[in-house]
Amino acid sequence: MMRFILPFVLFVILSVFLYRGLGRDTAEIPSPLVGKAAPAFVLPLLHEPAKQFASKEMLGKVWLLNVWASWCSSCKDEHPLLMNFSQQHIVPVVGMDYKDKPVDGNETLKAAGDPYNLVVSDIDGSVGFNFGVYGVPETYVIDKQGIIRYKLIGPVTPQNLQKTILPMVARLQAQ
Amino acid sequence: MIPELGHFSLIIALFLGMILGVLPILGAARNNSVLMGVARPLAYGQFVFVSLAFSALAYAFLANDFSVLYVAEHSNSHLPGQYRFAAIWGGHEGSLLLWALFLSVWTAAVAIFSRHLPEEMVARVLGVMGLISVGFIMFMLFTSSPFTRLLPAAADGQDLNPLLQDPGLVIHPPMLYMGYVGFSVAYAFAISALLGGKLDATWARWSRPWTTVAWVFMTIGIMLGSGWAYYELGWGGWWFWDPVENASFMPWLLGTALIHSLAVTEKRGAFKSWTVLLAIGAFSLSLLGTFLVRSGVLTSVHSFAADPKRGIFILSFLVLVIGASLLLFAWRAPKVGLGGKFDILSRESLLLSNNVLLSVASASVFIGTLYPLFMDALGYGKLSVGPPYFEAVFVPLMIPMVFMMGLGPLARWKKMSVPDLARRVQWGFASALVLALILPLSMGRFLSLESNKFSAMVVLGLLMAFWIIASLVISLKQRWSGQGTFMARVRRQSMSYYGMQAAHLGMAIFIIGVTLVKGYETERDVRMNVGDTVMAGGFEFRFKGVTQTAGPNYTASTGHVLVYQDGRSLGELLPEKRQYNASGMPMTDASIQPGVFRDLYVSLGEPISESDGAWAVRVYIKPFVDWIWAGCLLMGLGGILAVSDRRYRIHKKAVLATAPQSSIHI
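Sequences listed follow chains A and B, in order. Using this note's numbering, you'd call the opening residue of the first sequence number 1 and step up by one each time. Using this note's numbering, you'd call the opening residue of the second sequence number 1 and step up by one each time.
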């Protein structure tokens with residue numbers, strides 16, 4: 001009669017995972033990297049894979065790193081806001097197309113508009129891994145010394161943009 | 001005062017639920033008819049008090065009572081009336097109340113329409129539903145009361161999420177919730193069968209209409225959600241494999257399996273323990289969906305604000321309900337037995353394979369949805385899967401399923417002869433194949449595309465759809481043959497037979513829609529100055545510029561786009577870009593001219609230059625896209641036809657388990 005107890009056993013295993021899942025807060029636990037230097041990376045540009053972008057080029061500037069992917073639905077949620085925001089030219093926004101086919105990434109931006117100053121593609125997700133990317137979208141605020149000052153997991157919203165990201169950018173730019 | 005009355009009504013409903021969950025079940029175990037007799041009045045009483053609580057919240061919304069925290073967070077004095085009402089279920093707390101309301105509606109409905117059932121069955125079913133309601137009402141009262149006050153009151157509300165300010169919101173969640181909660185009836189029937197140890201064909205006949213009605217609600221609910229995403233997100237897509245979409249799709253798949261499995265249990269007395277497991281599974285996935293959406297373990301467009309306390313509560317509830325049911329299953333299922341025997345090739349075996357495929361499909365969606373969670377918990381790092389995974393896994397599973405869907409209604413119960421079946425379907429299959437090969441050759445001209453695309457996926461999709469239709473024709477021809485006038489022969493078949501065929505035809509229509517829109521859609525993304533034109537799929541779009549308009553609680557930039565085909569005007573499309581006043585959130589509202597064979601779809605991107613009024617404009621031609629939703633509607637209609645079968649209304653005499661030889665229907 002083992003087979004009748006099997007569904008129960010599977011469910012117990014599932015519940016353990018769900019319980020562990022509760023511990024992992026998808027938005028608020030600060031990343032261990034906050035306050036530390038952002039992992040340096042060199043990645044090809046999404047639009048021109050022949051060219052490369054090195055993160056140290058941004059030293060001396062405050063910038064945002066927005067991790068996204070064409071397959072990510074919450075990214076579509078934050079997209080109009082980023083479009084709006086990038087037109088104000090407050091701070092450079094670097095996009096990182098995470099674990100995505102460059103063709104799909106390019107098509108998405110072509111279709112919806114490109115809010116980024118430049119976009120790099122992290123095809124195998126290795127740079128994302130160094131950043132501790134955990135689900136797209138994620139947004140990082142990086143200061144002039146290349147230190148991560150803030151990490152947002154989940155889509156940018158008008159609230160967290162106005163209340164957290166913009167004031168922080170203004171403060172860091174003044175330093 | 002009114003919100004406090006609502007809160008108080010909920011507390012009373014909680015106590016009624018507690019009594020309902022204990023006394024009748026006890027009475028059924030002890031064969032005490034007084035204890036069993038309280039089930040119905042308690043069910044009605046609970047319905048009354050949950051309705052009062054719901055009305056109290058509705059009143060707070062309609063009266064703009066911003067001293068209620070939930071109202072202040074989800075409404076605004078400028079929000080139009082219908083959305084103020086719909087905002088009741090626009091957030092976590094209120095949608096839970098809607099859940100509880102529907103649960104009490106279903107409970108009361110079971111109480112009313114169960115006069116012909118044995119007393120202890122009614123007592124157990126209502127009791128189990130009462131226990132479920134206790135969990136939900138406690139969840140609301142302890143962690144998420146919609147009646148919490150905000151003192152001092154807010155001057156105005158923060159407004160409803162603009163994504164939700166749409167006629168779609170008014171009916172999509174209620175439909176979907178009716179479906180989710182409706183599976184609790186099938187679940188309660190299954191549990192009461194396990195408790196009573198009696199599971200036979202009559203049990204299956206009682207469960208079937210309830211399960212089908214819940215499935216119809218769910219089908220329509222998912223359809224509305226998909227349609228809403230199509231025109232509201234402005235991306236032209238109709239399904240995104242978002243965790244919350246998946247949360248509704250998983251129970252739908254299992255519910256579909258359950259409907260078929262119940263048919264076998266009713267007709268042949270087979271699949272008994274499997275049917276019970278599916279009933280538990282379908283409702284468990286409904287609950288799990290609730291957990292996923294509200295606990296914040298997965299991020300999604302739809303997620304409600306996460307609160308760890310809530311997560312713990314739902315998880316405990318989940319473990320209690322599902323764990324206890326599965327333990328009960330492990331203990332009692334051996335007693336229920338497996339049921340009748342059948343040959344390795346028979347209608348039973350085809351239905352069993354269909355069940356297995358649907359369950360595997362559901363499991364694959366489940367794994368994909370929870371993949372980030374599993375990997376993270378196991379320390380394998382941060383991974384997530386997107387549509388590529390789902391499409392790669394899902395489509396191969398559906399191909400054999402659709403093939404068997406055509407064979408099933410033609411096969412005989414118990415034992416079928418393969419050569420005989422093959423002879424009956426060979427012409428149908430051949431014509432489906434020929435049509436599927438030929439049609440793509442002329443599709444290009446028909447849809448006035450630039451070129452004739454010929455892709456294997458299109459042929460495969462069309463073959464599947466035509467195969468279903470061919471088998472339907474064969475089946476109808478066979479059923480309608482014989483003596484008497486044509487109308488008499490048509491009437492001789494049962495409503496549930498027609499219901500099944502309508503639902504299968506709906507599936508065919510759905511597949512045609514998916515295949516053709518994927519294969520032949522055209523998309524243009526252009527910068528348009530005032531007066532510019534763009535050609536897409538034989539249509540000419542002329543951009544006349546953007547005007548500013550003011551809505552009740554937003555300002556909008558409205559694009560004016562004229563459409564021509566061969567110089568003939570097809571009218572004007574008015575896509576909008578809205579900025580909502582209270583929240584400051586931008587929203588895209590696509591403008592669509594629907595048609596039987598294609599939708600013209602225009603949405604506004606961003607303004608490119610302020611000075612000359614140029615905008616980024618997105619234009620899509622979506623061939624046959626409406627067939628996707630038409631197919632879903634037809635599936636729902638099939639369910640309604642099946643429920644209207646007269647045998648569900650003949651209660652006087654219990655019909656024997658074995659099906660009469662002459663009319664075999666699913």
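It cannot be assumed that every hint is accurate.
Stated by the list, open to error - Covered by chain B, according to a simulated footprint, are these stretches of chain A (three or more residues, beta-carbon under 8 Å):
hint, region
1, 71-77
2, 99-113
3, 138-151
Note that these hints are calculated values from the structure, not bench results. We put the beta carbon where it would ideally sit given N, CA and C, even for glycine.
Q.
Just to make sure I understand the rule, a stretch counts as covered if three or more of its residues have a C-beta closer than 8 Å to a C-beta of the chain. Does the region 99-113 of chain A meet that for chain B?
A. holds (count 4)
Q. Counting residues of the region 71-77 of chain A that have a beta-carbon nearer than 8 Å to any beta-carbon of chain B, does the count reach 3?
A. Holds: 6 residues of the region 71-77 of chain A have a Cβ under 8 Å from chain B.
Q) Are at least 3 residues of the region 138-151 of chain A within less than 8 Å of chain B when you compare beta carbons? A) violated (count 0)
When each numbered hint is compared with the structure, a violation occurs for hint 3 only.
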